[in-house]
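> Chain by chain, the residues:
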Amino acid sequence: MIELSPQLVTVIMFGSLLVLLISGYPMAVLLIGIGMGVGLLLFGSSVFEMFRLRSYSILASFIFMAVPLFVFMGTMVEKSGVAEKLYGTLYLWMGGFRGGLAVGTIILGTILAACVGVIAASVVTMGLLAMPSMLKRGYDKSLASGAICAGGSLGILIPPSIMLIIYGPTASISVGKLFMSAFPAGFVLSGLYIAYLAIRCFIQRDVAPPIPPEERAVPLSKKLIMIPTSLLPPLVLILAVLGTIFFGVASPTEAAGVGALASILLAAGYRRLNLPVLKDVVLTTMRTTCMVVLIGLGAVVFTGVFALAGGVEVVSAAIMAAPFGRWGSFAMIMLIVFILGMFIDWIGIIFVIVPMVTPIGTALGFDPLWFAMMIIVNLQMSFITPPFAYAIFFLKGIAQPEWELTTRDIIRGIIPYVGLIVVGLGLCIIFPQILLWLPAQMIR
Amino acid sequence: MRTLRAIINGVDCLSEWTGKAASWVVLAMVLAVSYNVFMRYALNAPTIWSFDLNYMLGGSMMALGQAFVYKHKGHVRIDVISMHFPWKTKVIIDIVFTALLFLPVFFMVSKVYWGDFVHSVVIKETMQQSAWYPLAWPFKLMLATGFSFFFLQGIANFIKDVAQLITGSERL
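Those sequence lines, one after another, are chains R and C.
Its first residue numbered 829, the first sequence is counted upward by one per residue in my numbering.
Its first residue numbered 437, the second sequence is counted upward by one per residue in my numbering.
Hints were generated in silico from the structure; no laboratory data involved.
Hints may be right or wrong, so weigh each one.
Computed footprint of chain R on chain C; a stretch qualifies when at least three of its residues, placed anywhere within it, have a C-beta under 8 angstroms from a C-beta of chain R [what the hints assert, rightly or not]: (1) 478-485; (2) 495-502; (3) 539-550; (4) 554-562; (5) 591-600.
Derived lysine-lysine pairs resembling BS3-like cross-links, with alpha carbons at most 25 angstroms apart [stated by the list, open to error]: (6) LYS509/C / LYS1107/R; (7) LYS560/C / LYS547/C; (8) LYS913/R / LYS969/R; (9) LYS1224/R / LYS526/C; (10) LYS1051/R / LYS1107/R; (11) LYS509/C / LYS524/C; (12) LYS1224/R / LYS509/C; (13) LYS1051/R / LYS964/R; (14) LYS524/C / LYS1107/R.
Computed, partial: chain R to chain C, Cβ under 10 angstroms [unchecked claim]: (15) SER883; (16) LEU1048; (17) VAL1077; (18) ALA1078; (19) VAL1086; (20) CYS1118; (21) ASP1195.
Predicted model, so just to flag it, every value in this text is computed and none were measured.
From the three backbone atoms N, C-alpha and C, an ideal C-beta is built for every residue, glycine too.
Could you put the whole structure together from the sequences, leaning on the hints where they help?
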């Protein structure tokens, strides 16, 4: 065992993490390896027992079990055909307006977001549905891909969201309250996206032409009946899950279980449920869950060793020393989260950074719930800021050769949304009630 | 060479089947949670076992699925830069990190989890999270098994990578 100054430990742990991440080796293993390696040097073999205790508290945590259940629900919803029906309706009702399909994509993303808790399900579904139809109508490639990536990323902000489930226990905040706070936050962003698209398509006449009337000549009665048949099933699902949490009937884990069962029934109702689909859904659920949880296990030993070595004090002293008082420190935290979001996975950011900055936020006198939501909204940018941006990866992953879609096209389309999220953050600073009103109404 | 191939195939098979079997656990969780919610709100007779059963099932799945996910290289890699490396560099990186980090780390993780399992059996430990107080060792057996299989898959991946480096082809 050796003695190292906390400053040196900070540099060694984060420096080696950032350098080793470049290798492309799984992030979770690097976190565990660095945590245990430094821990072994500083505290000897007790680090292994510490790993067991801290990792066990995740594996045996009731609230964390909402993660697989919500992933299951989201994947099942993706397979159920709900999105196809919804998009069909939006296509007919909105296609006639300039930019209507792009706005429809954001609306679809918002509704889907309330059914799924990860962005993979929503970006992939929306990309496969909306991208071909937008390109066929002569929409600008960047505009179309931007709408899909930004609308799809709402999937992890608007509850249910596995991000909120991980964030809650990590910051000792009620997951139910985070859910109720994230709802209006998601709507604010969604509204900003729609406003941006509407204004841009109004000014630039050729980026998103309307669909000619003869191609959407469907009798009004049929168009009217499409609204309830496509919208009602997902709405029931949303209300079943979020209503139970809001009215204090069920914990998030229970709501997730009920939602998962409802998603099975939904898929059965749309005649999409069969054994191959079920096999696929449970396997996808396990893969996502295992991937998330291993990063969590890595992060608990990394942050545990870091905190024991006094590194947290070093970081908080540095942040507290920022100029312009507490808002200066706040801006610094937001900037750190934003920059990390460009380069690393959001799961790692939450598990590693949140335990460190949460006490700082409280010490600076910010409302813990508001502070948490600001970081969560900020993390929306991590999905769309290159080089490491999941939304771009997923859209690129499903892109068909005939779309001729380059990463550059996607990035060009996505940059305006980074600005819009910053505007959204600004609104939440000026009007904190956006984030705090609904949770205060919750029935405990 | 033949023994190595047999080891790799054996481990791959083990990971594949435990993973596929463990993935069905989530369906059991869905049913257990829904059943409890129904009993509590419709019949006002909540089950005593639902709470513990839920995290025991979920935690077991999270441990037992790791080997499967690792076999299919499903863990997050920050590969925006490394994807441009030549394949040899990538394989060497994997070999070095697996030997220096993965194998020692998960050897120790398996060891402490097996130790904890034995301890639970000896003292007949019960879970203390709810009023059910179930025995802890079956859950801990699943966790220890999961991490051990994960370690084995690490060995298998390591041998595969070394073979690929030597022969220059994916097949062993």
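> Now tell me, hint by hint, if it's right for this structure.
Quick rundown of the hints versus the structure:
no., hint, verdict
1, 478-485, "violated (count 0)"
2, 495-502, "holds (count 6)"
3, 539-550, "holds (count 6)"
4, 554-562, "violated (count 0)"
5, 591-600, "violated (count 0)"
6, LYS509/C / LYS1107/R, "holds (19 angstroms)"
7, LYS560/C / LYS547/C, "holds (20 angstroms)"
8, LYS913/R / LYS969/R, "holds (24 angstroms)"
9, LYS1224/R / LYS526/C, "holds (22 angstroms)"
10, LYS1051/R / LYS1107/R, "violated (35 angstroms)"
11, LYS509/C / LYS524/C, "holds (17 angstroms)"
12, LYS1224/R / LYS509/C, "holds (19 angstroms)"
13, LYS1051/R / LYS964/R, "holds (22 angstroms)"
14, LYS524/C / LYS1107/R, "violated (35 angstroms)"
15, SER883, "holds (8 angstroms)"
16, LEU1048, "violated (40 angstroms)"
17, VAL1077, "holds (7 angstroms)"
18, ALA1078, "holds (6 angstroms)"
19, VAL1086, "holds (6 angstroms)"
20, CYS1118, "holds (4 angstroms)"
21, ASP1195, "violated (30 angstroms)"
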